[in-house]
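Add chain U with the ligands to chain X, keeping to what the hints say.
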Amino acid sequence: MDSRKLTTRVWSSLSSGLLCSAPLFVLLGLGFFGPLALVILYSVQPRGSFSPFGTPTLENYRDIIEQAFYLSFGWSLLLAIISTTILLIICYPLALALKRYSGAMADILTLLVVAPLFVAENIRLQGWVLFFDKGGFLDGGLNHLFGFGPGSLVNNVPSIVFGMVYVYLPFMLFPILLGLSNVPADVREAALDLGANKWRIFRDIEIPLAMPGILIGSLLCFVISLGAFSEAKFLGKGVIVTIAQDIESAFTFGQNWPRGSALAVLLIILAGTAVFFAMRKIDLNKVLGTR
Amino acid sequence: MPAEPIMELRGVDKYFGNLAAVNQITLAFEEGEFFTLVGPSGSGKTTLLRMLAGMDKPTRGDILLRGERINDRPANWRPTCMVFQSLALFPHMTVGQNVEYPLKCRGTSPSERKKRASRCLELSHLPISYYDRPVTTCSGGERQRVALARALAFDPEILFFDEPLSAIDYRLRKTLEKEIKDIQRETKKTFVYITHSLEEAMVMSDRIGVMRDGGLAQIGSPHEIYSNPVNRFVSEFMGEVNSIAVKRHEGGELWCESLGATITPPSVLDESFSQGTLMIRPENMHLVNPGEARSTNVFSGELFNEYVLGSRIQFQIRCNSDTFLVERLREAGMPKSGDQISFGWSPEDSMLFPE
Ligand SMILES: Nc1ncnc2c1ncn2[C@@H]1O[C@H](COP(=O)(O)OP(=O)(O)O)[C@@H](O)[C@H]1O
Ligand SMILES: [Mg+2]
Chain X
1 MDSRKLTTRV WSSLSSGLLC SAPLFVLLGL GFFGPLALVI LYSVQPRGSF SPFGTPTLEN
61 YRDIIEQAFY LSFGWSLLLA IISTTILLII CYPLALALKR YSGAMADILT LLVVAPLFVA
121 ENIRLQGWVL FFDKGGFLDG GLNHLFGFGP GSLVNNVPSI VFGMVYVYLP FMLFPILLGL
181 SNVPADVREA ALDLGANKWR IFRDIEIPLA MPGILIGSLL CFVISLGAFS EAKFLGKGVI
241 VTIAQDIESA FTFGQNWPRG SALAVLLIIL AGTAVFFAMR KIDLNKVLGT R
Chain U
1001 MPAEPIMELR GVDKYFGNLA AVNQITLAFE EGEFFTLVGP SGSGKTTLLR MLAGMDKPTR
1061 GDILLRGERI NDRPANWRPT CMVFQSLALF PHMTVGQNVE YPLKCRGTSP SERKKRASRC
1121 LELSHLPISY YDRPVTTCSG GERQRVALAR ALAFDPEILF FDEPLSAIDY RLRKTLEKEI
1181 KDIQRETKKT FVYITHSLEE AMVMSDRIGV MRDGGLAQIG SPHEIYSNPV NRFVSEFMGE
1241 VNSIAVKRHE GGELWCESLG ATITPPSVLD ESFSQGTLMI RPENMHLVNP GEARSTNVFS
1301 GELFNEYVLG SRIQFQIRCN SDTFLVERLR EAGMPKSGDQ ISFGWSPEDS MLFPE
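Residue numbers (the working numbering), protein chains in the order written: chain X, 1 to 291; chain U, 1001 to 1355.
By construction, these hints were calculated from the structure, which means they are not laboratory data. Backbone N, C-alpha and C define an ideal beta-carbon position, used for all residues, glycine too. Check the hints yourself; a few may be wrong.
As the list claims (entries may be wrong) - Stretches of chain X that chain U covers, calculated by requiring three or more beta carbons in the stretch to come under 8 Å of a beta carbon on chain U: (1) 178 to 187; (2) 203 to 216; (3) 254 to 264.
Chain X extracted, bound-state conformation (with noise of 0.2 Å):
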């Protein structure tokens, strides 16, 4: 008797769980498995093929070794490397700012960093072109005043990163924040009475508690910076070409859907590859609370 209980429990609490998560199940179905089934079907097609169906071929991913497109590959993840290095680097103090000021200061400094995400990524994007480049804000409005000015500070690699820092910045922000909550206050001050100097605390006790919202937020800036387009295509103007820009180009221009897809299918495994060791360190019912 009891077991059965049990098991109408066990039931009945599984079945308002898959009933709760059915519509993530079918906007996943949808949206997320059928493409990606779509674009792995489309990528063993004959070169310039646009149906799905015809006969299977790696030809397209050999073309992708023989011509020079681990060129972008590097670039791509060069570029995910350094914006989410540099992204730790600023993010990890600020959120620390944050979560000590509390009140209107938090609320303002918070507001600073989500306003920008009110306006599309590429007119910002543009916005910054408009304000380094040759004749721009800075360059024009420092030449009228004192008759010289730096140039144009875009067009170059320097200026891409800056602007993957710029828009990735508050996906590597909240997840340190969420990180830092982690680190009960009254915990640092156990490690400070037993001994321990702030670079101790700040090691033993601050990074390895937080660790879990800094993984989430550094794996979040990588992957979207992996697939990383607008920056390099408006403040690089073609200095260099992402892994995205020849996806693109192959779908567009180049009329190439095999192609595009194969670079698309090396891209979600280079992306998925980051995301497997990542999750394997990260306890995700730990970091929301749900245990």
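Okay, now just chain U with the ligands, sitting in the frame of chain X:
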């Protein structure tokens, strides 16, 4: 000449904005004593302890360690250690790593660390098999012991405790109270303990300080404070008590309006006394048998409730608009609910607080 106190507070204030959380406290701890601070929640106990441990600075006044002013010395430079109300264990470490942390900060070698950690686990009654367990898998009582072992590993000159047992069930709390007291006897260290529970304070302490609104209402041995409270607040805080509003009456007697009777005071009344509260502990009240010849401080009323407290029994007696508590040893032939009974007390067992 008494020995120099190990730690001393001189006129210490702590303000949070306009609120005086700690107000003009002067107090000295003797080497090796078990001192307990009791007081209702919000009376400033935690604030006081945080200043002693070095986590907060006094707004005014001095804190001295063996005669040396240490106001500005941070917590990690003080030979003191605190067991937090929340315990504040390191959740990402094992029991062993938690206990060894203070030794690690000091650069003790791993083998020496493990030796000391084992000794401290033993002192706080944790089996050595817990050494490698993640601290998050420990129960409430075990965590309590880990926190204690960690503080002992630090080997402080003074140990502070901020209501460490408040979240633990009654029976385990009793056990841990005794263990903490035993550890204090064994290590001969100075313990400064905070609690809002009078019972805890009575069981463990050599001396008790009663706090109220940021100040110290009274300092003394448990017995002194219980039997000679300096004011009504302390008297009520230290346990159940019968209180009667009284006025001065002719012939050196007191007059109680609600009972409509005269009462003999505990001692000759002060010249200045006009009115106040008379307090008698329930265990100092007695029942008066019908034939017994007693003249003063005897009243009668209806027994309307009785509580058995182990070997003792407590009667609730209604007398006009007042309710009195009388606590006696349980024996045969005691009155029952509904009985009309007489009760009273010896004048010297009552306490009079003028208003
Ligand atoms: N950091 C703080 N900021 C403002 N007020 C505080 C702070 N800490 C304590 N208080 C106030 O000081 C008073 C004493 O608090 P506390 O020392 O925690 O009392 P207790 O430990 O006896 O319960 C309370 O009124 C509390 O609200
Ligand atoms: Mg407190």
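Hint check results:
1. 178 to 187: Since 3 is at least three, the answer is holds.
2. 203 to 216: The restraint on the segment 203 to 216 of chain X holds, since 4 of its residues have a Cβ under 8 Å from chain U and three suffice.
3. 254 to 264: violated (count 0)
When the structure is compared with the earlier hints, a violation turns up for hint 3 alone.
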